[in-house]
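Student: With the sequences and hints as input, model every part of the structure.
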Amino acid sequence: MNHYAAWKNVLIVFFLFILGLFALPNLYGSDLAIQISGSGNYDVSQRDLDKIKDTLSDNGVGFKSISLEDKNVLIRFNDSQTQLSSKAILKDSLTRNYVVALNLAPSIPQWLSGMGGKAMSLGLDLRGGVHFLLEVDMDAVTTMALDRYYNELRAELRKDKLYKKIRKEDNLLLVSFKSEALKNEAKKVIKNDLPDLVIAEGTEQELELGFEISATAQADAKLGALKQNITTLRNRVNELGVAEPIIQQQGTERIVVQLPGVQDTARAKEILGAVATIEFRMVDEKNDVQTAIQSGKTPTGSKIYKFKDGRPLLLKTNVITTGENIVDASSSMDENNQPSVSIVLDSSGGRSMLDTTKEFLGYRMAVVFIENQVETVMEDGVAVKKRTKTQDIINAATIQGTFSNRFQITGLDSAREATNLALLLRAGSLSAPVEIIEERTIGPSLGSDNIQKGLISVLVGFALVLIFMAWRYRVFGLVANLALTLNLITIISILSLIQATLTLPGIAGIVLTVGMAVDANVLIFERIKEEIRSSKNIQKAISLGYEKALLTIADANITTLIASIVLFSFGTGPIKGFAVTLTIGIITSMFTAIIVSRAIINLIYGGKKVEELAI
Amino acid sequence: MSLRSLNIPVIDFVGKRKIALIFSAILLIASIASLGLQGLKFGIDFTGGTLIELGYEKTADLENIRTKLAEAQYEGANVQYFGSDTEVLIQLEPQATSSAKLSSSIIRMLGDGIDVRRVEFVGPKVGEELTNDGGLAMLYALIGILIYVAFRFEYRFALGSIAAIVHDVIITLGVFSILQIEFDLTVLAAILAVIGYSLNDTIVVFDRIRENFLATRHVEPEPIVNEALNQTLSRTIMTSLTTLLVLLALFYLGGEVINSFAGALIVGVVIGTYSSIYVASSMILALGISKEDMLPSEKEKKEIDARP
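Top line first, the protein sequences correspond to chains Z and P.
In terms of our numbering, the first sequence opens at residue 2 and continues consecutively.
In terms of our numbering, the second sequence opens at residue 3 and continues consecutively.
To be clear, the hints were calculated from the coordinates, so they are not data collected in a lab.
Check each hint, because a few of them may be wrong.
Label-pair restraints from in silico Cβ distances [claimed, not checked]:
hint: 1; chain 1: P; residue 1: Phe44; chain 2: Z; residue 2: Gln291; range: 46 to 56 Å
hint: 2; chain 1: Z; residue 1: Arg268; chain 2: P; residue 2: Phe44; range: 24 to 34 Å
hint: 3; chain 1: Z; residue 1: Lys387; chain 2: P; residue 2: Phe44; range: 18 to 28 Å
All residues carry an ideal CB built from backbone N, CA and C; glycine is no exception.
Tutor: Structure representation (structure tokens):
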């Protein structure tokens, strides 16, 4: 009685050994590092590594090690000062094909990482960083799609002169016809050539038809906008230089962006949410802007724009080229020490720029900065989206000579504005405006405070429980303590294996499991005591104690498990982090508190003649 | 064999259940009254708004910060020390224009050299969603538990455990309402953990009641329930104490962010321990549990009898 077969013991030890091994990486700290990766499709190679090594040694920078891991060059440093100065050096020397980011690299020995050993990843609340939830303005996407279909529909029906008039109304395109025959002809044409447009229910009249965008085409347009925005955001984040960013779709219209370790969150906000571009237009020199304002009549082919300080100017409606034709942009200081942005256009943009500057030599050309914004405002207690579009002239200068695809623009307020504009032009524009609807930023100082406090409270709570158990249950208490320690190791090991993210509520979940894992052992021990009191044989008491408590433990834990799985499925953010560790903790505690503790008790008391139990 | 012959002190829990009923009623009425009258002090997770935690090198001048915020015409700003007098927590209600930019402009306005420890912005729509999701999570957890307990035990036990849970949740919420402690997402997680914990305790007692019903020839439910409560008493106390030890460590050492989380759990564990002894068992006694209910049903019995 009370004897486990040898294979059972071996299996338990084997399991614990493996679990212990995978918990091990968490004991090693991490190095300050710089991570260099390729942006876009570019992968860094050994050649890049050699180049970087040379750059650093040319500048006399001492580093701990440099290696190529998972298509990243990782340089480890001994102190943060060298790390920061090296980042500046590398950022200057490397082209924009590379993303240079500060990072923390785990210093796990080769043999361990070779087996796939990884440390738990720390959540933003423990390492510091920003979490954004962005919402794409889907109404704007629908409007844009409707504009596009309006043009296509008109082009399609114009071929055979089928329509009389087309107008937009809400989400409908209303087409009127001269005769019913033409209407039926149009129906056929649209069905074949523009299948994304369907006749809206109840809109058909004798000489009129209403089209709407089909549900699938609308969903496609929305998904397309979402994906396009994710790509643009990824480019922008790369430009910001963030290691291990997370940019993920959430639901059908939201994007989660997590930037660990970002310190300048104000800048991150400016960059991520900005829907900005520039346009180049000629100044209308023939008409006077003041007369246009006073008479309230703008000359045909022109429109009134304003400088940031409010000065009006008449600009031609024809656009020379826009931000979409920009392939590269960088900020610098011009000869007068004014902030400027150097621009490189693609071939079609360059061609039209060349034509324009040739034709209008000596005239003025204006650069217009366009920004779309969406904000939620409260109107009578209801949240409403408010869209604003600002169009400011940043510069209107006389064309001094012809140029095509390379030139500079000036007139920016500050170097920071120039840097941001250059970055936005490089990274591409968002296909639809986005709004930040949730932000959670944890500064680096709070992050390290949280780790420290979390660790201390776990250790102190744990120590208190160990002392209490040893005092109350003596030898059995020590066994329970061993099981509890193994439980903690097992939880850490599994969290590391599945690479779950450890957050502060997650630590709270672990602490709670420690408290609750003891419960299983308490149940067993109290039951054994009871059995001994009813004067059963000691060996029989141990065996019955485990047996009878098992069902109770299972019932109690399964109900708690139901609660924690529900938390996991419906919870968000902190609740989820808590539920993950609680779920894992409940399951592992069943293993350690029942099976492992039994194995140890069996080894101590099993098969021996015991007069009295130290319980 | 009676418990007394085993030198175990026998406490007449069941006999005192009238007193417990009055005690629970008082707590529940106070909680519900407070929840109804002043409600919970919801944090920005649910109301939406902006929260900024700042670290100053020296003692922060709250008046100065308040004046600056008032001058800039921010509505409903709440400025207070957080943990120590070098740390400041600024909370803003949702403004006419809610945007994530708000925090940046406030930080810029307050000047350089301040350590930005935490910024949270929750848009009005998100707050609403989090409230709904939180409520739903609670509801689903209760339904899941109800089904499992009804399936494993009997419907009266399921009702008893739900009664205990509702009792615990209302009183824990009541404490948060009476003391006007901020109720945020982590506190919601704690409340859900309280459900799990309270249930754990209740199930252990129920398990023993069922076992005792099946093991004895007594048919009177009261002494059987009382015996089960006494038998599980030392376990109930031990487990509550170990859990409380850990929670106290969290409460005092875990830092401000985790403080209300630990607080909610401490209240919940104390109430949960009490309710598993008094509320859950009183409920099943009131619902009229008997030995017959514990036995296999008539149909199952026939099947067993029919076996050769």
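Student: I want to verify a distance hint. Is the separation of the beta carbons of Lys387(Z) and Phe44(P) within 18 to 28 Å?
Tutor: holds (25 Å)
Student: Does the Cβ-Cβ separation between Phe44(P) and Gln291(Z) fall within 46 to 56 Å?
Tutor: Once the Cβ atoms are compared, 55 Å apart, the range 46 to 56 Å for Gln291(Z) and Phe44(P) holds.
Student: Could you check the hint for me, namely that Arg268(Z) and Phe44(P) are 24 to 34 Å apart, CB to CB?
Tutor: holds (31 Å)
This entry satisfies every hint, going by the numbered hints stated previously.
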